[in-house]
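Q: With my numbering as the guide, the letters of the sequence shown map in order to residues 1 to 289.
What the hints contain is simulated information worked out from the structure, not anything from laboratory work.
As the structure is a computational prediction, the values presented were derived from the model and not from experiment.
Don't take each hint at face value.
[To be verified] Taking CB as the label site, the calculated pair distances span:
| # | residue 1 | residue 2 | range |
| --- | --- | --- | --- |
| 1 | Pro105 | Arg45 | 26 to 36 Å |
| 2 | Asn218 | Phe169 | 13 to 23 Å |
| 3 | Thr42 | Glu85 | 13 to 23 Å |
| 4 | Asp83 | Leu227 | 14 to 24 Å |
| 5 | Thr61 | Thr195 | 38 to 48 Å |
| 6 | Pro151 | Arg211 | 23 to 33 Å |
| 7 | Glu191 | Thr41 | 19 to 29 Å |
| 8 | Arg182 | Glu48 | 32 to 42 Å |
| 9 | Asn137 | Ala223 | 16 to 26 Å |
All residues carry an ideal CB built from backbone N, CA and C; glycine is no exception.
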Amino acid sequence: MLNVIPGMSGPSRPFVETRRYRGYILAMHSDIVDLRSFYSTTLGRFAERSITMALSSIWATVPNERLVGLGYTLPWLERFGTDAERVFAFMPATQGAVVWPATGPTATALVFDEELPLVDSCIDRMLLVHSLEHVENPRETLNEIWRVLSPAGRVVIVVPNRRGVWARFEHTPFGNGRPFSRGQLTELLREANFTPAAWSDALFFPPSRRRFMMRFHNVLERAGRRLWPIFSGVIVVEAQKRLYQGVPVAQRASRRVFVPVLSPHGATRLGRRNEAGDTKPSVARVTAS
């Protein structure tokens, strides 16, 4: 059953659809095909470059790092994962997956964000792009990330800014899902036992596909950092795992069981259903030990 969330359009939107699941209205992930198509355009390349600059300002080098990207993080894993000991690209089952890297052993896996196929405390850093704004339960997802991070582990999150212009246009993947403000993101991280350590912003130029506007994107980006920083297109935050506070035990709001598929190149709109009527996407298991 398809439903409409206030402030969001229905299933005709190119990057997102909504679906009711056990009483919840969900914002589904952007499809992997649409994401790759966006980042192959001129506007997408400018957006990738702007987010890279924001990540570079807060990204500290960690020796022998184990790095995991959740969502669609391939453009930035290729830039920041060159010195890492091991790099994985986890892609949500509702988004779909592609083979990466092009040469060598495959480092991608189709996963469920609330049950990552990793042992406890095995990852040094996680990067989330096109992920948190689409998950069913952001707090459960962050709790799962807390579980797999090492005691000194960090999570870097890129989410659409609620005040920004990019969250108001539907022709980019940043205009879908739930946008966040800094206050909302801070509260969510603290509830999941993370401490925000560094902030950055990106996408200060408008998401216009007109040539004369894209011609001035560098000027608008530099001007936006000085004149309208609170209206950035995305918010970037690095948070550190907090250990001194106990984690309460609570029953999860959702529980899914996965079955394998052979070629998950794109996200399917409808999955298989079992006798109880639950949707079952696929999952791949990867270990970081």
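Q: Which hints, by number, does the structure contradict?
A: 3, 4, 5, 6, 7, 8 and 9
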